[in-house]
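All chains should be built: construct the whole structure from the sequences, respecting the hints.
Heads up, the sequence shown is in my numbering, so the first residue is 1 and it goes up one at a time.
Mixed in with the good hints there might be a few duds.
Derived pair list, reagent style BS3-like, types lysine-lysine, alpha-carbon separation capped at 27 Å [what the hints assert, rightly or not]:
(1) K76 <-> K43
(2) K265 <-> K187
(3) K265 <-> K43
(4) K73 <-> K220
(5) K192 <-> K333
(6) K257 <-> K388
(7) K266 <-> K306
(8) K333 <-> K76
(9) K306 <-> K256
(10) K91 <-> K388
(11) K168 <-> K256
(12) K203 <-> K73
(13) K178 <-> K115
(14) K187 <-> K168
(15) K43 <-> K168
(16) K242 <-> K96
(17) K364 <-> K242
(18) K265 <-> K306
Beta-carbon label-pair distances, calculated as ranges [said to hold, decoys possible]:
(19) R222 <-> K76: 39 to 49 Å
(20) K189 <-> R460: 22 to 32 Å
(21) R52 <-> D449: 53 to 63 Å
(22) H307 <-> K226: 26 to 36 Å
(23) K388 <-> N229: 47 to 57 Å
(24) P238 <-> K266: 39 to 49 Å
What the hints contain is simulated information worked out from the structure, not anything from laboratory work. By construction, the Cβ of each residue, glycine as well, lies at the ideal position given by its N, Cα and C atoms.
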Amino acid sequence: MKQQEIPYPLYGLIPSQQTMYMMVRYSFHKQLVQVPTSFSVDKDIDFELLTRAFNIEIERNDSLRLRFVKQDKEIKQYFLPEYKMDKIEVKHFASKEEQQAFFNADAQKPVLFQKETFRIYFYTTDGVGSGIYFNTTHLALDAMGIIIMYFDLLQVYRALLKGEEMPKPLASYEEYIKEEFARLSNKEKMAKHADFYKRYFLKGGEPMYAGVHGPAFLEKTRKKLKNPNLRVPMAYNPLYDKCDFISEVISPEDSKKIFDYCLEKKIAPESILQLGLRTYCSAINYRTPDVFMMSLCSKRATAKEKHMGGCMAQPLQLRTILPESFTFDDALKETTAVRTQLFRHSQFPYGLALQISRDIYGYKAIQGPACMMFSWIPVPPMNDLPFKIDFTAYNLGRYFTPLYVISHPDPETQGIRINYMYRVKLSTAEDIHALHENAVKTIIAGIDDPTVTIGELLDRIEPARKNG
1 MKQQEIPYPL YGLIPSQQTM YMMVRYSFHK QLVQVPTSFS VDKDIDFELL
51 TRAFNIEIER NDSLRLRFVK QDKEIKQYFL PEYKMDKIEV KHFASKEEQQ
101 AFFNADAQKP VLFQKETFRI YFYTTDGVGS GIYFNTTHLA LDAMGIIIMY
151 FDLLQVYRAL LKGEEMPKPL ASYEEYIKEE FARLSNKEKM AKHADFYKRY
201 FLKGGEPMYA GVHGPAFLEK TRKKLKNPNL RVPMAYNPLY DKCDFISEVI
251 SPEDSKKIFD YCLEKKIAPE SILQLGLRTY CSAINYRTPD VFMMSLCSKR
301 ATAKEKHMGG CMAQPLQLRT ILPESFTFDD ALKETTAVRT QLFRHSQFPY
351 GLALQISRDI YGYKAIQGPA CMMFSWIPVP PMNDLPFKID FTAYNLGRYF
401 TPLYVISHPD PETQGIRINY MYRVKLSTAE DIHALHENAV KTIIAGIDDP
451 TVTIGELLDR IEPARKNG
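Structure (structure tokens):
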């Protein structure tokens, strides 16, 4: 079969995109490489004007003109110089429940990125408002890229509505791709990153898998393999990747405590949320001081990158070893220090870092010590806008890690929303509720008394009550 001829510059996938594409290897289901979200306001929207705004957004945001093709058995990408949507379908829903049911179903319908890079609907919902549903391949946009797209589109729409000047142009993702390949060609820097990861994975010895479901799965695998010292079971089995979805909200009062404390300590909310989650995992897994999770990092460090679409996100392999004698503040400082250290090496491809750990400990493809993937989406505050906003992420239905935690400030409730997408083969709804309740309880207890020790916090944990 003759290869498709593309009259535009062709690029390979950069490491962030390679990471997203690698997820397919851990599942038989293609929806692992997409991001379904919706963004609504409690006002009527002029959809004809919004269609005009979206076409302007396509011109401004080159990641919406990104296309993929298979060449010489490899995925390549290119940018269309122009693209326009003549019409965008508008859905009408009689209730929020009907709206959620439709988008939940679409969220689990694969975006086949060689045929389409995104699906978009405009919608109105009785008693709720109007909005945009956007389901995109993760190779084209990550969560932060989607937030940037939504807010830039909103600004374009307002400029059209009021006859004002267009907002500041977005930066070019194509230029970022070129810069990324230039960075990767620096062999001296890449060697320093590789050396860091070798030392990082060796420090403290082999990590331990501390699942939110407790140690039963690990013990079952130990017995099956007749290896009582096994620390990392095969928890990434692609046959059992079906997921369910639970959405929780931290109250506005507790959320304010968290944000105020983060501001006072000059730390990111990710650190304190991750500390709460890992403390529960420690408590129910023999009180291990060693908990390993992946933290999806947007990698947007510069002002230009923070004003750009595209996919830059890459997992940081966050391993925290926290003695019980540590105070809450000690633990928070250590968690932040590890995250900062990893961020300094985030230019090193995740796939290469992963292979280093596999080579050191002899892990198989479906083995990994991470108990979850964590993601923080920094939805900006919108107190100055004359309407209420609702931002929603949806259940993919399948995922390659045992648990995916998606968290963000929630404009609708003024709290922090945490979505838990968990593998039903490993965990139950009861496990997830216990994780959430104990994580929040731990965080608030630490904020109220930063001198409380990790050991004292572990004593207060109430594990999920197992039936039978």
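### Task
Note whether the CB distance of K388 and N229 lies within 47 to 57 Å or breaks it.
holds (54 Å)
#### Entry: Satisfaction of hint between K43 and K76, Cα-Cα up to 27 Å
violated (41 Å)
### Message
Need the status of pair K333, K76: alpha-carbon distance at most 27 Å?
### Response
Outside the cut-off at roughly 41 Å; violated.
#### Entry: Hint consistency between K265 and K187 [alpha-carbon to alpha-carbon, up to 27 Å]
violated (37 Å)
### Query
When you check the alpha-carbon spacing of K265 and K306, does it fall within 27 Å?
Measuring from Cα to Cα gives roughly 23 Å; hence the hint holds.
### Message
Can you confirm whether the C-alpha distance between K187 and K168 stays at or below 27 Å?
### Response
violated (36 Å)
### Query
Measuring from beta carbon to beta carbon, are R52 and D449 in 53 to 63 Å?
Once the Cβ atoms are compared, 55 Å apart, the range 53 to 63 Å for D449 and R52 holds.
#### Entry: 27 Å Cα cutoff - pair K192, K333
With a Cα-Cα distance of about 25 Å, the restraint between K192 and K333 holds, given a limit of 27 Å.
### Query
If you draw a straight line from the CA of K266 to the CA of K306, is it 27 Å or shorter?
holds (20 Å)
### Task
Take the C-alpha atoms of K178 and K115, compute the straight-line distance between them, and say whether it is at most 27 Å.
Holds, at about 24 Å.
### Query
Given the hinted pair K91 and K388, is their alpha-carbon gap at most 27 Å?
holds (20 Å)
#### Entry: Holds or violated: K364 to K242, with C-alpha atoms at most 27 Å apart
The hint holds at about 21 Å.
Figure legend: structure checked against the earlier numbered hints; hints not met, in rising order: 1, 2, 3, 4, 8, 11, 12, 14, 20, 22.
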